[in-house]
Each structure stands twice: as C-alpha cells, then as structure tokens.
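Chemist: Guided by the hints, dock chain B onto chain A, whose structure is given.
Line order of the protein sequences matches chains A and B. Under this note's numbering, the first residue of the first sequence carries the number 308, and numbering increases by one thereafter. Under this note's numbering, the first residue of the second sequence carries the number 308, and numbering increases by one thereafter.
Because the hints were derived from the structure by calculation, they are not lab data. Keep in mind that the hints are not guaranteed to be accurate.
It does not matter which identical chain is meant; a pair holds if it fits inside one copy or across any two.
[What the hints assert, rightly or not] With a straight-line Cα cutoff of 25 Å, these simulated SDA-like cross-link-like pairs (lysine to any residue) come out:
hint, residue 1, residue 2
1, LYS423, SER500
2, LYS674, VAL637
3, LYS423, LEU406
4, LYS674, PRO628
5, LYS423, HIS530
6, LYS674, ARG700
Keep in mind it's a predicted model, so treat the numbers as computed, not measured.
Residues per chain, in single letters:
There are 2 protein chains.
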Amino acid sequence: VRAEILAVGSELLVPGREETNATEITARLRQIGIDVGARVTVADDRDLLESAFRTALSRADLVISTGGLGPTEDDLTREAAAAALGRPLGRDVSIVEALRARFARFGRTMAAVNEKQADVIEGGTVLPNLRGTAPGQRVRVEGPPPRTLVLLPGPPHEMLPMLEAQVIPALAGREGAAVLRTRILRIAAMGESDVEQVAAPVYTRTANPRTTILGGAGLTELHLTAEGATGEEAEALVEALAAALRAVLPHRIFSEDGRSLNEVVAALFIQRGVTLATAESCTGGMLAADLTAVPGASGFLREGHVTYSNPSKVRLLGVDPALLERVGAVSEEVALAMATGARRGAGSDIGVGITGIAGPDGGTPEKPVGLVFIALQGAVGDRVRRCHFPGDRPRIRRQAVQAALEMLRRGLLELPAL
Amino acid sequence: VRAEILAVGSELLVPGREETNATEITARLRQIGIDVGARVTVADDRDLLESAFRTALSRADLVISTGGLGPTEDDLTREAAAAALGRPLGRDVSIVEALRARFARFGRTMAAVNEKQADVIEGGTVLPNLRGTAPGQRVRVEGPPPRTLVLLPGPPHEMLPMLEAQVIPALAGREGAAVLRTRILRIAAMGESDVEQVAAPVYTRTANPRTTILGGAGLTELHLTAEGATGEEAEALVEALAAALRAVLPHRIFSEDGRSLNEVVAALFIQRGVTLATAESCTGGMLAADLTAVPGASGFLREGHVTYSNPSKVRLLGVDPALLERVGAVSEEVALAMATGARRGAGSDIGVGITGIAGPDGGTPEKPVGLVFIALQGAVGDRVRRCHFPGDRPRIRRQAVQAALEMLRRGLLELPAL
Chain A
308 VRAEILAVGS ELLVPGREET NATEITARLR QIGIDVGARV TVADDRDLLE SAFRTALSRA
368 DLVISTGGLG PTEDDLTREA AAAALGRPLG RDVSIVEALR ARFARFGRTM AAVNEKQADV
428 IEGGTVLPNL RGTAPGQRVR VEGPPPRTLV LLPGPPHEML PMLEAQVIPA LAGREGAAVL
488 RTRILRIAAM GESDVEQVAA PVYTRTANPR TTILGGAGLT ELHLTAEGAT GEEAEALVEA
548 LAAALRAVLP HRIFSEDGRS LNEVVAALFI QRGVTLATAE SCTGGMLAAD LTAVPGASGF
608 LREGHVTYSN PSKVRLLGVD PALLERVGAV SEEVALAMAT GARRGAGSDI GVGITGIAGP
668 DGGTPEKPVG LVFIALQGAV GDRVRRCHFP GDRPRIRRQA VQAALEMLRR GLLELPAL
Chain B
308 VRAEILAVGS ELLVPGREET NATEITARLR QIGIDVGARV TVADDRDLLE SAFRTALSRA
368 DLVISTGGLG PTEDDLTREA AAAALGRPLG RDVSIVEALR ARFARFGRTM AAVNEKQADV
428 IEGGTVLPNL RGTAPGQRVR VEGPPPRTLV LLPGPPHEML PMLEAQVIPA LAGREGAAVL
488 RTRILRIAAM GESDVEQVAA PVYTRTANPR TTILGGAGLT ELHLTAEGAT GEEAEALVEA
548 LAAALRAVLP HRIFSEDGRS LNEVVAALFI QRGVTLATAE SCTGGMLAAD LTAVPGASGF
608 LREGHVTYSN PSKVRLLGVD PALLERVGAV SEEVALAMAT GARRGAGSDI GVGITGIAGP
668 DGGTPEKPVG LVFIALQGAV GDRVRRCHFP GDRPRIRRQA VQAALEMLRR GLLELPAL
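Chain A on its own, in the form it takes in the complex (with noise of 0.2 Å):
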C-alpha cells in the first residue's frame, strides 16, 4: 500500500507556518507499514484542490487529506474530492441535525453555511468528529486498482483523536499488512559518493530493504528500510543488509542506533577509561563544544584551550614560536605540537589538536582555505591528517570537527576497554 498525504490550507503555504498533520500522519502510517510515497500542501483553491485529489488518486493506494471541511467559503475539500472521483455530493439530514444541537448545547443558533458540513460524498461513510463540528468521511473507490480516500479535519485535536480511533484500526487490520523496520547506519569523514561507491553494489542487490543515502557535512548516512509479514522477519532483513554493509564499510560505521559521533566517542572514552585535552584554532571551541554537549564529558574531558593567535599557541601550549616562524601556524608540525602541549599541561591521556584556514579570507596557493591539520598525541601515539576541506566557513569547520571525532574514534577503538 502507498500512500499520500495532503494537508489543504492557504495558512500552511505562509512563511513561519509548520504543516505539522502531515507529519504527523506520515509517522502513524509508517508504525503499520504504510509508505508515504508524497505529501501535498495545497492551498484553498477550487482548481488546485480537484487537481491534487486526482493526481493523488492516480499514483496512491490510500489518500488523506486534512483540513479544508469547515463551513467558511474556503473550505473547499468535499467538492474538490467529490469532483475529482466524478462523484455528487448528498446532504445528511442527520448530520443537520447533529451539528444543530452542537450549536444549541453551547447557546447558539446554527448559522445556514454550517449546513454544507453535512455534505457527503456518494458511498462515503461518515467520521464522527467528537472534538469539533465538521465531520471526517472515509470513501472506497472500486477498483482497478481499489483505493481509500480519508478526508479529515484540520485543527489537530480534532483530526488525531479521529486518526487514531476511526481509521488507523481499520487499515491496521487489513489483510496483508506489512509491517516495516528501519536502521540508520552513519559514517562519518568520508563523502558521500565515496561511500556510495562502495555500499551501491552491496544495498542495490536487494529491493526489501530499500536504501537511501543522505549526505551532510563530514557525515553520511544510510538509511534502510525493510519491509515483512512480522516485524521479526523486517528485522531480520534490516539485520541481513546492515551486516552486509558492515563487511565492505570495514570500522567506517559509528552508530546503527541513532547515536551522534560526539556521543559515540564521549562513550568510548569513558569506557576506555582515558582523558583529553584539547586545543583548537580554526574551529574556535567546537570540537570541545560537541563534546560536552554530552552529559558526563566531565568525566574525560580535562580542559579545552582555543588558541587563535601565535601568541595564545607559544603561552598556553608551549609552541615553539621558531617552529610557527619556520613553518606557519597551519602545519602538521604545529597541529602536534598544539596536541602535545594540550596533553602535558592538561596532565591528560590524549590530546587534540586542531589548525586551518576556515576561509574566506587567509587562504594562499600553498595553503589554500579548507586546508585543516589534526594531530593526536597520547595514549593512541602521534597521528596526523592533512584535509582539504571543501564549502564555506561554518562548512569547512564542521568537518574538521567531525574528522577530529572520527579521529578520535578510531584511536579509542584500538585501546584494551577498561
């Protein structure tokens, strides 16, 4: 079964609106093994309503709508629908009649055009609206292929409760059903197409899991999506594909369990029972940011230094201001040099260090901008990585933050646990 969703409004095309029923909706479906294959914001327009009814109708098993049932001249979703499947729209006297006491239990006398609201497409069953006045209507279109249409309310507290008690029972019970189980595997420091190049041969072998592959700033992830008759056989197959992955993306995976690499690498440390200081120049404190961004980093962290000028490097890490006059405070010299100071005067296991040219301005030929030196001293011996980081600013700091941590990580790794 696929599905589409389409969330009808003028008010949700607005800027600083979030449509939030979709949302909503797609993630209830997908708990019983539905797929939103498109989700649709359309606004209050007759034309564009009818048009997105059908092409909904065209491509999709199952189609929800939300909002657009009121009884104001905006509220246009009965008519579209009922003219997108060629339908007439009859009036419920008993509906009439619902919605009239409603009014009179809070004192008031039903204006005419709350009328409309009983309107209903032909063969469609009603839905209750407990919390409000318009009602909901569930539509069976015969195939083929046979197709359900939901039309629901707008206002979140009337549309959920429906969701919940009038149409997700039902399509939880149809025979069939597949139930779908999902994993994301991250990667962190290495890029996309690379990653693809890899993965691409091993995940396209099989449709069930599907897989998709999300690039970001020194991150990718893929993400799997397995379908079964159980949710012990879709486990099963994600399990299958995952191991798969693992096997030809060697140590390259960090988290299959939502996990970000900061707080993958604050685990190890406190697991490999080790310490770090760090010392930071072009990434200005981020890295010791992300890191305490996790409770407990007190227990590993020692202290964080960021060191922006030549003079900060020579007095807080004891640099050695020939060295940064031979060679320039972006070197590999430096970089180890930044770690190394950071561990003696920290007293800690490990050190970090970190120096580059974050742009947009102080790049040369020689050292052009997203050049980025790490250095790790310590406990895990002395490593350096030389990176050329593509993208601006904020982009070229972040992966050095996540080449440091992915660095990191692989360093812990190869320590005993405590």
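Modeler: Quick look at chain B alone, frame taken from chain A:
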C-alpha cells in the same frame, strides 16, 4: 504568477526529518509577490516524480524543485522532469570537465557516477553550482500557457545561493507584481511571552504589516510583512511599525538586517577596538565557537578556555581554590574570578566567565539544573548575572551563550566607538 514547489527525497518523508527548502523558497517568492499554490514532498521514485512534475506543470506557471540532482542512483529529478516535459537529456561535456576539475582540486579522482550530474534537459539553461557538484537547470516551456521549470540542488547551502543569485533576480523583474517587504526584528535573552506582552498591543493595531512572533532558545523574532503597490510603499509601512516596536523595546532589538547575535557582537568588538578572552565551564566552548564562526574573529578574540574541572579553573584561570571550596564552582564569585583570570592571562580588555549546571544531573535544591552565572570583567566594568534557564541540556547551554552574548552587546554599546 502561481508557483509550485517540489521537494524531492525519500528521506524528507521519514518521521523526524524536517523539510526546510520548500519553506525557504516560499518565503523568498512571497517577498517578490509570487504566491505558492502547492508544495509537494515526494519520494525518490521515478514514476511518482514524473507524475509530480507533470501535475505541477499542468497547474502552475512556475515550478521549482529541490533535490535529486546528485550523482547517486536515488537522484532521479533530471530524468523525471525531462520525461514530464517530453524532452530528452543531453550530456554537457563542459560540465563533465568542470566536475572533474573540482574533484582534482581536492586531490581526488572523480567516480564515473558523477557524470550524470552533467545531463541537461533539451533547451535548458545550466545554473552553475558554486558550492557543490550538481548544477541546477532552468527550462522555459513555450505556451500556451508559458511556464518556467527550475531544478535546484537539495543541500540548503548550495540551493539558497543559487536561488538568490540566479533565480530570484530573473523572476523579480516581471511587471505588475504586488510587492511584499519583510523585516525580522531579533531580541535576545527575553522570552517570547515577555516580548509579546510588550509588542502585541503595538503590532496588532495594524493588519498591514502582518506580524508573526517566533520564539527559540534565548532568541525571539518578530516577523513583519507589508504589502504595497511599490517597494517604497511597502518599505515605509515596515519601517513605521519597526519604529513603533523599537520605542516599546528600547535597546532590546539587536538586529533588523538578518544578522545573528554573534555577528552583531563580533562587529561591535571590532568597532570598539577592544579584545576578549573567554572562560567557559557549562557551555564548554560554545561561546568561543559562536564568536569564531564570524570571519575576522581573530581581530578581537585573544584566547578561550574550557575549564570543566576545578583544577583547570585554578591552574589556567588562577581561581582561588579556597574560593571554590567556600562558594562552589557554580557561583557569582567564581564566574567573576573566571572572567578576571581569563582577561589577565590573555592581557585582553574584557574577560567573560560562564559557570552553571546544564544537567541532566548535578542539580541540588540550592543549585538546581539550569542555574548559570555569567560574568563580565574589565573595560565594561564588573557585571554578574544570575540566570535560571528552563529546558534540557542543549537549551540551557544555548540560552547561557545567548545571555552572555547579550551582556557583551549591552556592555560594548556603552563604550565609545573607535
């Protein structure tokens, strides 16, 4: 002109993922008077995508897609758009060469899969990508009615500059467009409801400009949007309301031109010709990272310390161990001693110290989670603020950084400019 936006990518339909590109494009188009009729998020599925392009082209004059232009198998936007238009794709040799050169610049060999990024729809214009590999495309479709199709890449840092430089100017030149002008007033370290209480009586007096209030951690924004026959008229309406809001929020609005708080504070440091040293405990380097995110931060930031532990507060900042013993690390006195130590050590004009309890653990009845002391010392006098922030660890840390930046801003404003 009516526009439709297609956001392409299965990952955008995964719960928890937010789609921001279509929202950004909607906002930008409104500023030049173009209304978005529908916004579609669609999975990486060849048939769905083609259907989405076909539908959009049947009901909108301007169709803009984002995503699906990369090198991987999932990137199907070019093929789907070409099929929807009934036009072939041709490989542009000059783009292939440019891609190869880009890879070479970063010392890498281009994998063959990347070549498909050079496929251009017949009759299409290439939109160079200055921040990434995949170029965009613009295709004019002869009428009736005439339409424009624009394909943009998915990563926001690639998409937004392309939109701004290569798409908006061409669209804004059309005649007869109603003109919108917007302005965002930013206020730091003052809660959304506090801002609203003061500002709402002013901005609700008028329907044009419309005003939306938006709250984040340590940041509240007022979004003003005015409509006018001309840009001048709309601008005058925005300015009149902004002036009225400035009057009820004296010294509180730190930005009306899109600049963030760290940019404003960095610019003030440069203008005032004073230097800074930081000492951070609970924010763990975030303040330094925020300030060094601004190019040219080396002009004022002498050095930064992350002193998570008491020994490092003593050794690096010269905080008196007896003081730590007597009042505890999270105290007004220690915040001031940290600021003083950072300033003295670096020989800077101002020192800032932050100490607090970010949680989730470590709180006591006297010193609960969220308690943070922020101190300034030096050229702006001695100032200490005691804050008690709500929220979880990331929100508490973010609010602490915002409050420190706001204290620096207010202090710097009182110093004479160079």
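Chemist: If a hint holds in the structure, say so; if it does not, say that too.
Modeler: Here is how each hint holds up against the structure:
For a Cα distance limit of 25 Å, the shortest separation of LYS423 from SER500 across copies, 13 Å, qualifies, whereas the shortest one inside one copy, 51 Å, does not. For a Cα distance limit of 25 Å, the shortest separation of LYS674 from VAL637 inside one copy, 8 Å, qualifies, whereas the shortest one across copies, 43 Å, does not. Only within a single protomer do LYS423 and LEU406 lie at most 25 Å apart by alpha-carbon distance; the minimum there is 11 Å, versus 58 Å between protomers. In the homo-oligomer, the alpha carbons of LYS674 and PRO628 lie at most 25 Å apart inside one protomer (20 Å), although the nearest pairing across protomers, at 44 Å, exceeds that limit.
For a Cα distance limit of 25 Å, the shortest separation of LYS423 from HIS530 across copies, 23 Å, qualifies, whereas the shortest one inside one copy, 41 Å, does not. Taking the shortest alpha-carbon separations for LYS674 and ARG700, only the intra-copy value of 15 Å comes in at or below 25 Å, while the best inter-copy value is 38 Å.
Violation of the numbered hints given earlier is absent; every hint is satisfied by the structure.
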